[in-house]
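Asks: If you want the building blocks of each chain, they are given just below.
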Amino acid sequence: MSITEQRPIISKLEKQELFRFLAEGRRVDGRSLLQYRNLSVQLGYIEKAEGSALVELGNTKVLAAVKVGVALPFADTPNEGILIVNAELVPLASPVFEPGPPSEESISLARYVDRSIRESKTIDLSSLCIVPGRSVYSLYIDLYILDYDGNLIDASVIASVNALSTTMLPKYSLEGQNIKKLDEYFKLELKDYPVSLTYAFFGDKYVVDPCLNEEYASDFTVSMTVKSDDRFCAIQKNGGGMLSPRSFLDLLEKSITLGKELRRVAYSQIVKK
Amino acid sequence: MSITEQRPIISKLEKQELFRFLAEGRRVDGRSLLQYRNLSVQLGYIEKAEGSALVELGNTKVLAAVKVGVALPFADTPNEGILIVNAELVPLASPVFEPGPPSEESISLARYVDRSIRESKTIDLSSLCIVPGRSVYSLYIDLYILDYDGNLIDASVIASVNALSTTMLPKYSLEGQNIKKLDEYFKLELKDYPVSLTYAFFGDKYVVDPCLNEEYASDFTVSMTVKSDDRFCAIQKNGGGMLSPRSFLDLLEKSITLGKELRRVAYSQIVKK
Amino acid sequence: MSITEQRPIISKLEKQELFRFLAEGRRVDGRSLLQYRNLSVQLGYIEKAEGSALVELGNTKVLAAVKVGVALPFADTPNEGILIVNAELVPLASPVFEPGPPSEESISLARYVDRSIRESKTIDLSSLCIVPGRSVYSLYIDLYILDYDGNLIDASVIASVNALSTTMLPKYSLEGQNIKKLDEYFKLELKDYPVSLTYAFFGDKYVVDPCLNEEYASDFTVSMTVKSDDRFCAIQKNGGGMLSPRSFLDLLEKSITLGKELRRVAYSQIVKK
Amino acid sequence: MGEKISLFKEDGRRTDGRALDELRPIKIKVGVLSNAQGSAYIEQGKNKILAAVYGPKEALPKHISLPDRCILRCRYHMAPFSTPERKNPAPSRREIELSMILRNALESLVMTSLFPRTVIDIFIEVLQADGGTRCAGLTAAVLALADAGIPLKGLAAACAVGKAEGKVIVDLNDLEDKYGEADMPIAYNPTLDGITLLQMDGIMSKEEIEQALSLAITATQKIHKMQVDALKERFSFSRREV
Amino acid sequence: MGEKISLFKEDGRRTDGRALDELRPIKIKVGVLSNAQGSAYIEQGKNKILAAVYGPKEALPKHISLPDRCILRCRYHMAPFSTPERKNPAPSRREIELSMILRNALESLVMTSLFPRTVIDIFIEVLQADGGTRCAGLTAAVLALADAGIPLKGLAAACAVGKAEGKVIVDLNDLEDKYGEADMPIAYNPTLDGITLLQMDGIMSKEEIEQALSLAITATQKIHKMQVDALKERFSFSRREV
Amino acid sequence: MGEKISLFKEDGRRTDGRALDELRPIKIKVGVLSNAQGSAYIEQGKNKILAAVYGPKEALPKHISLPDRCILRCRYHMAPFSTPERKNPAPSRREIELSMILRNALESLVMTSLFPRTVIDIFIEVLQADGGTRCAGLTAAVLALADAGIPLKGLAAACAVGKAEGKVIVDLNDLEDKYGEADMPIAYNPTLDGITLLQMDGIMSKEEIEQALSLAITATQKIHKMQVDALKERFSFSRREV
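Chains as they are written, first to last, in our numbering: chain Y, 1 to 273; chain L, 1 to 273; chain Z, 1 to 273; chain E, 1 to 242; chain H, 1 to 242; chain P, 1 to 242.
Just so you know, not all the hints are guaranteed correct.
Claimed, not checked - Simulated crosslink set (DSBU-like; lysine-lysine; CA at most 30 Å straight-line):
#, chain 1, residue 1, chain 2, residue 2
1, L, Lys48, E, Lys87
2, Y, Lys12, E, Lys62
3, P, Lys29, P, Lys87
4, H, Lys87, P, Lys87
5, P, Lys225, P, Lys178
Quick caveat, the hints were computed from the structure, so don't treat them as lab data.
Please put together the full structure from these sequences, using the hints given.
Replies: Right, here's the structure in full:
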């Protein structure tokens with residue numbers, strides 16, 4: 001059962017201020033409506049994982065780590081590696097995160113990131129086959145939300161792609177019926193550099209990269225993932241409220257422009273020049 | 001832990017009326033004490049399942065569907081197919097059904113239906129072996145309670161047997177070590193047509209096929225499953241209260257008579273003349 | 001989440017009495033500070049288990065039973081049998097035990113007993129291999145707490161070792177690729193006879209083998225498992241409060257002396273003279 | 001999107017004979033269950049879906065209630081027999097996500113401030129699945145709410161649009177969902193010109209999405225008319241059957 | 001009921017030497033646990049079963065309580081080592097069903113209206129299983145209730161009857177339960193002439209059931225006498241041991 | 001303790017070049033998270049651990065609260081990527097035990113009677129594990145409590161001592177933990193001369209334990225100094241970063 005969430009109450013004063021600023025085309029933290037917060041990326045934060053990245057987007061901190069294993073392929077894709085995305089809303093990040101099995105928020109986040117990476121074909125899963133029908137690489141992306149100040153989706157996509165870009169896979173040789181792990185590694189190749197852009201709506205106004213207070217005060221958010229070729233590979237409206245078709249079309253246009261910019265910043269350390 | 005259930009309270013007036021009618025040998029909905037409600041059976045309701053039937057017994061609606069798979073046999077019955085019965089008290093059927101793992105009511109219902117089919121040998125499980133010790137057919141009967149107005153047991157047995165009667169199984173050929181699914185099907189053969197008869201007790205009086213209000217007002221119920229040869233293959237008393245040995249013997253007699261009648265109606269579309 | 005437990009409240013009077021006695025070097029039930037309660041061991045209580053023992057330590061009753069199976073060995077120990085300890089705080093033993101998945105108390109108890117047996121090498125796991133890398137014996141020790149009057153740890157270690165000492169394992173012969181169970185059995189050999197000694201602290205005073213009221217009134221407990229050669233193989237402080245290094249060193253000394261005594265009583269039926 | 005399967009016939013029509021912008025046959029009935037406060041049943045292609053509504057009723061335990069409006073609980077659930085392989089009845093990650101997406105969409109329609117401290121339960125059961133179940137489920141759930149007499153800001157109808165072999169299409173069936181290039185479920189309220197549910201996966205350019213959106217609006221308007229007809233039938237006859 | 005196993009010896013006696021209507025050796029003790037308000041232990045054949053009762057006590061959380069009577073909670077549970085193969089300690093579907101069946105049977109005996117808003121917990125632990133555990137468990141649970149001083153309408157004793165190789169028999173052991181043709185557990189209160197627990201599976205004709213019922217009544221009357229003796233012993237000696 | 005691995009180099013130093021009584025490099029920061037009331041981060045060898053504190057806050061549901069003091073809730077958790085093989089994020093038996101052991105240790109430090117009817121939540125997340133995580137986690141958790149402004153009876157620092165190839169050593173790394181002969185985690189409060197956490201597994205004689213205890217006291221005193229330094233830095237700069 002999905003149940004109406006109980007958002008922490010923002011004081012009326014805070015909300016009024018937020019709307020007053022919006023009416024003037026400004027935001028409480030000084031940003032313009034379509035401006036992202038400061039973004040920093042630390043590659044290889046978890047040395048023991050095959051790939052990892054720590055992303056800070058303002059006060060939001062997301063750690064993504066990739067663990068590589070060997071698994072039986074799915075029956076309908078015997079020649080493809082397996083990609084699984086899992087997100088943990090770690091309770092130290094926020095008083096609203098609780099220990100326990102994955103919440104609908106964490107599942108929805110993981111599934112959106114999964115779609116962004118899978119549909120954009122950022123990874124060529126068919127290159128992750130060891131023995132067709134028998135052994136394929138499995139990539140587990142674990143998203144760990146360490147500090148929560150809104151816009152988990154965009155930060156998580158950026159963290160995941162950066163973590164994947166640092167991922168080293170062990171080589172295997174086939175010995176008779178069995179495979180043997182070698183002490184050699186190869187780098188996972190990325191085929192695309194998708195970015196997600198998330199907008200929070202307040203009536204007919206919207207801002208990009210909402211911080212937590214903006215998310216709480218907003219009617220709903222819309223996230224869009226754009227590929228390097230400006231095509232879209234994932235979209236999702238989250239929360240109640242209605243999006244006008246006109247605004248939707250606006251967002252498509254804005255996202256292509258903003259996406260180019262964000263991609264440049266987010267993947268500056270990993271994109272080949 | 002099984003815990004005393006909290007039955008919805010029936011108004012005193014309703015209850016008084018019910019008892020006044022019973023004293024006169026009548027029921028509130030106009031039936032006689034040993035009369036079933038209208039019964040309708042719609043075969044093949046779920047085209048995508050290998051077998052299915054939708055049963056309406058008054059306002060009680062039960063959908064039974066059979067899914068066929070291939071499984072490893074149990075170690076102690078290497079030559080027998082596997083039969084599993086599962087019941088879901090779907091929350092749209094009643095305000096007292098809650099989402100979540102199977103309740104004791106749904107487990108008890110499924111196990112009673114399982115016994116009724118298994119003990120009556122309605123299906124010859126030894127005919128469902130593909131490769132002894134390695135591959136057998138598995139039949140999953142899912143009972144879906146869509147609308148709840150009492151007497152789930154009788155409706156569920158009827159729905160299950162009807163669903164089984166429409167079940168088509170794919171043929172398999174043995175190719176070396178593996179089995180291969182062919183594009184041919186065969187009909188599951190039924191060896192018996194069991195019916196369950198459920199009685200609700202009010203002091204020393206009882207009625208057959210209780211509707212929900214009667215169930216709530218009763219002391220307890222007794223269900224009995226009768227085979228085509230008039231022998232019994234499952235009995236269960238549900239609820240508190242005491243059944244006198246005399247009444248028990250009465251029920252045995254009544255069930256044989258009523259069973260013949262019910263079997264004729266319940267399986268009119270599927271029994272070979 | 002581990003959460004501060006709600007201990008049943010002992011009346012102030014009871015507590016005062018307990019402390020008054022302690023101040024005089026006595027205990028409410030007449031024991032001296034370092035005296036164990038009466039201990040009785042009944043071997044082979046569960047005939048259908050491969051090994052078992054019922055231990056009564058005062059009013060605390062622990063039943064330990066060993067079930068033997070065959071399992072795949074762990075990848076990193078292909079030549080070793082598998083030992084698993086599980087503890088059930090059965091709700092009939094105490095109003096504070098609740099049905100449901102294992103509590104942290106039961107997990108902690110099972111893990112302490114596991115360490116006591118595993119680290120002392122009471123069982124030579126490498127002697128429990130049938131086919132290296134493929135089939136090994138698995139020993140499941142189930143601890144069943146039937147009556148709860150404190151000091152579960154010491155009673156459970158004693159029950160486990162006694163149950164193991166009665167354990168008979170079936171022999172297997174290798175037939176081609178498969179193993180076959182023979183109708184012959186051999187006795188599990190014990191290499192050590194560890195005992196755990198548990199102390200409850202009240203300020204700077206402590207008693208051994210606390211009963212339940214003493215546990216509730218104490219600041220914390222310390223358990224130590226001593227091997228036959230007087231070396232230690234497991235230690236654990238349970239509960240809040242601080243243990244002074246001085247007291248810790250005292251306990252080491254006391255445990256060696258008390259351990260010898262307890263070992264003699266606890267294993268009188270099974271230790272070879 | 002593994003093996004090569006042709007999603008169009010030689011005459012340019014889809015595998016089930018439809019034109020690019022053509023809906024599958026739809027059958028809607030309102031008021032089909034006897035215990036629920038409101039209920040509806042929809043068949044769209046081979047989809048068979050029931051929706052039921054209980055409430056508004058007191059929100060228990062109290063700490064889940066809100067002082068200024070009612071809360072919604074929503075469960076989207078697939079019957080074990082609704083899919084080719086038997087589905088475990090425990091909720092999958094997909095079902096948990098869709099329950100949330102559908103609750104959000106319904107939340108924008110219900111006049112929640114009329115019923116403070118209460119809860120409305122919405123159950124959507126997919127008895128047979130054939131692509132587009134979340135959309136058909138939403139179409140039915142909105143009707144179940146209306147059937148329960150719960151004041152709405154308006155109806156909303158839902159339909160997936162998407163892309164297959166480079167062509168933008170409407171109301172994807174199972175095959176097109178599986179082997180097509182993109183799937184974009186949309187729920188739309190024509191009165192308020194608002195999108196209440198929006199997801200997309202697969203790959204589409206801005207221009208393709210624009211075209212798809214336009215088709216979705218037309219399609220949902222058609223379904224909206226069927227919703228209105230079903231409600232009219234309900235309140236003239238009051239027939240109850242699946 | 002797979003392989004062929006003979007359940008009768010050449011002299012017509014059962015595999016354990018019993019006559020058709022003969023009970024297994026039964027040993028009952030009341031008041032065997034120190035913490036429980038009431039407790040009892042039964043051995044019947046190789047069955048070893050403990051029952052304990054806590055309560056009546058305040059029903060928490062409050063919403064489970066009833067204003068006019070006490071509620072019962074009952075857990076029938078098999079120890080992991082009670083069966084030939086180790087049993088997972090998590091409750092199986094069978095244990096969940098039997099917990100309900102046993103609660104129902106006990107509910108008909110307890111004078112629940114004497115203790116409104118309270119709860120009585122009944123725990124039945126099967127330490128070793130040998131056929132007929134639900135019946136032996138009920139026999140013990142009734143005594144644990146009596147030991148706890150809870151007013152009962154009367155005792156009830158339980159025993160399975162059934163059929164093996166065409167013969168109606170009493171108190172089935174493990175082998176007869178597994179390879180016989182029918183098993184009918186019955187709990188009976190001789191004072192009120194009432195059956196409080198009744199199940200059957202396997203195949204029996206009306207005549208066979210009549211015969212089995214008659215044997216069950218005789219058998220439970222015998223066990224009832226042992227219950228009374230155990231209670232007498234309990235209240236004269238007050239010994240506590242397993 | 002399976003295969004033969006040498007834990008000492010020819011010069012008598014440990015595999016990572018340390019002397020027997022030498023700690024691994026330790027880096028501590030206090031106040032690293034923005035939402036938590038208090039937080040701390042520790043690196044000890046390759047361990048990377050975050051601790052955060054929320055509270056004191058109202059204890060809900062009420063029945064968990066205590067009238068005379070605050071309660072503590074503690075979760076020790078390992079990230080799925082913290083170990084060589086991916087760890088299932090659901091709590092393991094080991095994590096459940098350590099959560100309890102750590103809560104107990106912290107309970108002895110917090111002045112709980114100052115905050116009746118409230119709860120303090122303590123979260124310890126192991127991002128990367130390299131032996132001795134419970135000790136490093138405790139060292140960090142104590143600082144997170146101090147950072148949250150919760151009155152403590154004193155700080156406590158923790159460190160494992162143990163035995164490898166017959167030698168008593170301090171601050172075991174992953175390899176020494178796995179292949180050594182004994183591991184004894186200790187948390188010690190130097191001001192009150194009290195041990196708040198104590199466990200041991202493996203085999204040690206009384207004399208070895210005495211020697212290990214003495215080394216542990218010296219080691220924890222060193223870590224205690226680093227704790228104090230980290231707190232000073234926190235309250236002079238108030239920098240927040242991981």
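Asks: Decide, hint by hint, whether the structure agrees.
Replies: Hints versus structure:
A hinted pair counts as satisfied when its Cα atoms are at most 30 Å apart, and L/Lys48 with E/Lys87 qualifies at roughly 13 Å. Our distance criterion of 30 Å between C-alpha atoms is met by Y/Lys12 and E/Lys62, whose separation comes to about 24 Å. At most 30 Å may separate the alpha-carbon atoms for a hinted pair to count; P/Lys29 and P/Lys87 meet this at roughly 26 Å. With a CA separation close to 27 Å, the supplied pair H/Lys87 and P/Lys87 stays within the 30 Å bound.
With a C-alpha separation of about 29 Å, the suggested pairing of P/Lys225 with P/Lys178 holds against the 30 Å cut-off.
Of the numbered hints given earlier, the model fails none.
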